[in-house]
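S.K.: These are the residues of each chain, in order.
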Amino acid sequence: MRGSLGEFEQLLLLALLGLGTEAYGVTLRDDIERRTGRGPSPGAIYTALDRLERRGFVRSRLGDPTPERGGKRKRYYALLPAGEQAVRASQERLRRMSHGLSPKADLP
Amino acid sequence: MTPPPVARALLARLLPQELREPVIGDLDELFARRLAAGWPRRRAAAEYWRLACRSVADATGRDDGAPAGAGDPTMMSIAEDVRYALRLLGHSPAFALSALLTMALGIGVTTAVFSLADVLLFRPLPYHEPGRLVFLLGWDTARDEMRFNVPYRDVPALGAAAPLDEVAAYQYWNATLSGRDVPERMQGYKVSASTFDMLGVPAALGRAFSEADRPGDSGVVVISDALWRRVFGADPGIVGRRVLLNDEPRVIVGVMPRPFEFPVFNFKGDLWVPFGPAGIDEGSVVALGRLAPGRTIAEAQAAVDGISARLAEALPDTHRNRGVRVREMRELGAAEARPAVVALLVAVGLLLLLACANIAELLLARGVVRQHELATRLALGAGRARIVRQLLTESLVVAVLGSALGIVAAGWALDALRAMLPEAVLSTLPGIGALGIDARTLGVATAVTVAAGLLAGVAPAWRGARSQALARLGAAGRSAGGRGDSRVRAALIVSEIALSFALLTTAGLLLQGVGRLLATDPGFRPDHLLTFSVALPDTRYDAPGARGAFVDQALERLGALPGVVSVAAVNTLPFSTYNQGIGIALDGGLTDHEDAPAANLRTATPGYFETLGIPLTGGRTFGATDQAGGEPVAIVNGAFARRYLGGDAPDRHRVRLGGGDAPWRRIVGTVGDVRHDSLDQPAEPEVYVPLAQAPPRQVMFAVRTMGDPEDFTFPVRRGLAEVDGALPAFHVRPMADAVRVSAVAQVLTLRLMTGFGVLALLLAAFGVHAVISQAVSQRGREMAVRVALGASPADLARHVLGGAIGPLLAGLVLGGAAAAGLGALLGGLVPGMDPSDPATFGLSGAVLAALVLVAAAGPTWRAMRTDTAATLKAE
Chain E
1 MRGSLGEFEQ LLLLALLGLG TEAYGVTLRD DIERRTGRGP SPGAIYTALD RLERRGFVRS
61 RLGDPTPERG GKRKRYYALL PAGEQAVRAS QERLRRMSHG LSPKADLP
Chain D
1001 MTPPPVARAL LARLLPQELR EPVIGDLDEL FARRLAAGWP RRRAAAEYWR LACRSVADAT
1061 GRDDGAPAGA GDPTMMSIAE DVRYALRLLG HSPAFALSAL LTMALGIGVT TAVFSLADVL
1121 LFRPLPYHEP GRLVFLLGWD TARDEMRFNV PYRDVPALGA AAPLDEVAAY QYWNATLSGR
1181 DVPERMQGYK VSASTFDMLG VPAALGRAFS EADRPGDSGV VVISDALWRR VFGADPGIVG
1241 RRVLLNDEPR VIVGVMPRPF EFPVFNFKGD LWVPFGPAGI DEGSVVALGR LAPGRTIAEA
1301 QAAVDGISAR LAEALPDTHR NRGVRVREMR ELGAAEARPA VVALLVAVGL LLLLACANIA
1361 ELLLARGVVR QHELATRLAL GAGRARIVRQ LLTESLVVAV LGSALGIVAA GWALDALRAM
1421 LPEAVLSTLP GIGALGIDAR TLGVATAVTV AAGLLAGVAP AWRGARSQAL ARLGAAGRSA
1481 GGRGDSRVRA ALIVSEIALS FALLTTAGLL LQGVGRLLAT DPGFRPDHLL TFSVALPDTR
1541 YDAPGARGAF VDQALERLGA LPGVVSVAAV NTLPFSTYNQ GIGIALDGGL TDHEDAPAAN
1601 LRTATPGYFE TLGIPLTGGR TFGATDQAGG EPVAIVNGAF ARRYLGGDAP DRHRVRLGGG
1661 DAPWRRIVGT VGDVRHDSLD QPAEPEVYVP LAQAPPRQVM FAVRTMGDPE DFTFPVRRGL
1721 AEVDGALPAF HVRPMADAVR VSAVAQVLTL RLMTGFGVLA LLLAAFGVHA VISQAVSQRG
1781 REMAVRVALG ASPADLARHV LGGAIGPLLA GLVLGGAAAA GLGALLGGLV PGMDPSDPAT
1841 FGLSGAVLAA LVLVAAAGPT WRAMRTDTAA TLKAE
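Residue numbers (the numbering used here), protein chains in the order written: chain E, 1 to 108; chain D, 1001 to 1875.
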């Protein structure tokens, strides 16, 4: 299905929505871990973000290198309108599918 | 504190380029935060490693979304196979332990023996283009045998041979280094000035000799790295220092690098000096040369033959029947060791095959348990090739893990082996000090591991792929075992029997042959004898009378030591590795038929025969009257009398030793034959003359003691120092040790072969037992049906055992052929060995038959107690 998103991709896009301008690997991982109890590896995060960027859902920019990062620059990500639309559409599809199945599966 | 550097380096190498910066940055930042939050470094590092590994896997593998384009599917599934194989090993520790240990054993012994073979046969000599280096051996053309030395004055003539770039020579030059606390004996050599250039090895400090060191520049010396470190404390300013060698001052001009060894296949030198001035006769030398680029040994041989012919024409007195043989240097050193090493390599090959057969059995036995799993996977659509690949991966995983253990064990085994080698071997074999696991050995071990893993996996994989048929029949997991299975089983038993029979028989043949060799009577009594050597420097002992007087005083002083039974001196003792030959003439024309009559010369003191225990067989021994000015006399041994005197009474003859102006000596007695170099070589003609009438420059003493001869080392050294404090005693050792060392190759080969034979027997016992029990348990239903049809327990036992007899006989025939081949190879090492000794073949055949019987006993017992009803119900 064109524009469909995997679960992990949805998690990332939702996290970007919440984090605003301070979104990069470490904050994204913290956010996802805090909310879901699952801490994805940075490798997984950037691989998925890379793919989302190529699909036009997010964009990235390079920050400044800092000593605590061993001289490596941060790569900040921001949600694009297409990404926001895609994640909302996915959520809506899921909500419609799960509605009325059981109280536990009912999404807010 | 910094993040784990290894993990970081791996990330930088393994991550795709575009992910490196953000991923490593994130992990570094996370690490810094953890530390700031008070985590211990170890915990933070562990998290770093974990996330790094997962990042690589996630970034290069698949994730939950669409394919990322990274990750080769074949590689991924091989990694899966490996993970799966590791999990299976973890789940069955008993299987894992036996398979890994068996493989470790097979690979371990193979690696260790290859490493030994590499040093002895294959590794190139440590010189520049060593393949072009040759020995020029003095050759007795009448008897077609080697006389290692050629006359020094012939060396320039040989150097004119066009196919040879250069010819050099060396000669023993034992040197006493004095002017220090204790005078010390060094292994030195006189060498041609061009030797080091020819070998192509420059000095590490200062310079080696070159053509600029004209013969006659006798005041210089080049020393070895070992001597430089041991005696001179690795002094970097050593070049230019003066030392006293044999009481003469010399200047150290250079130190050779650490790995430099020269000569090879002879005692390694501590120091080297150039030959004396031109025109001086230096006696006989070992000649070596370098082939011109592109020229062959055959061409050099032809050129040298021409030179020898011209020399024989010009100098008929000294050069009649004297030729020169050109042999590749490496080849000459390898020739003697080759039969034993090849036999050992074959033996470990067989042992490795045996280990593979055992592992194949283990895998097959487990395959039976897993039939259901494999059948299910085939039914779910896995291809046969896929199943075969997975099963082969499993056996390769076993091979790789086992060989890692084996290589570690091989390293230990080689250390132990080196410790077992006597000094005489360590100080003559090039590169033996480096015996161990190196890159070459590892390469071979890796190749062997892969081959062994595939070999052990072939039968199980073939069998696994066949599971499909069973799945269709719905019989998987139950009483399987078609004709194919029993053929595989029979083949495995046959190989187990054949391989172990070959190894056991070879060990037995060797045991019998080496036992006979060690029991050989050397012609004297080596027990309770302490031996040592003393070299008398020309500066003080140039006069024969001075040398004779020294020996007299030493004998008197040492003979007075408490516990000493008797003392004697001689120029060369048996098993000392030294020898001295001399041309002879006999009066009465008895030697006319001999082209170049020669004998070994022994100059002995009166008590020599009594001290060594050499029996007098006729006439008299030397006495106090046989002095320097007395009548020239000689004693000959039995071999001399047989070869040169025919049936004549020796005392009717006179013998002349050496050149034309030497005196005729009356033969006054005959003594028993003595084996001089080794127990397996018959005695050569020997002629003894009184030491007082020809005192040698190097004297060897033999001291017969009441107790352990080693206890006399210190008193003897002290007694000698009282006679001349500047003369060190060297080569101090019990005669029995020297005799043992002469048979070290045989004893070592025997020990290794015996070890292989025992291991083979153990492996075969486990293997045969496993195959038979599996066969019996798989055929439970067949047994039950037989019982139901009226077979008695005895019938069942006959049936099970009878099935093993065919494979046993086939194995014995195949293994017997292999043993005969190995025995023939080892015949070169142990001449007294009978490679077709029927008793040995019979005995080890009986051992193997007993082994099969014992291995089959348990399963047969179980078969006899088959609970018919229960078995049939279970089916």
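These are calculated hints, taken from the structure and not from any lab test.
This one's a predicted model, so the numbers in the text were calculated from it and none came from an experiment.
Virtual Cβ for every residue (Gly too), placed ideally from N, Cα, C.
Check the hints yourself; a few may be wrong.
[Unchecked claim] Computed, partial: chain D to chain E, Cβ under 8 Å:
#1 P1004
#2 L1019
#3 P1022
#4 D1140
#5 A1142
S.K.: State for each hint whether it applies.
M.R.: Evaluated hints:
Interface hint status for D/P1004: violated, as the beta-carbon distance to the closest one in chain E is roughly 12 Å, over 8 Å. Of the supplied interface hints, the one on D/L1019 holds, with its beta-carbon coming within about 5 Å of a beta-carbon of chain E, less than 8 Å. At its closest, the beta carbon of D/P1022 sits 4 Å from a beta carbon of chain E; the interface hint therefore holds under the 8 Å criterion. The closest approach between the C-beta of D/D1140 and any C-beta of chain E is roughly 77 Å, which is over the 8 Å cut-off, so the hint fails.
Proximity of D/A1142 to chain E is violated relative to the hint, the smallest CB-CB distance being about 82 Å (cut-off 8 Å).
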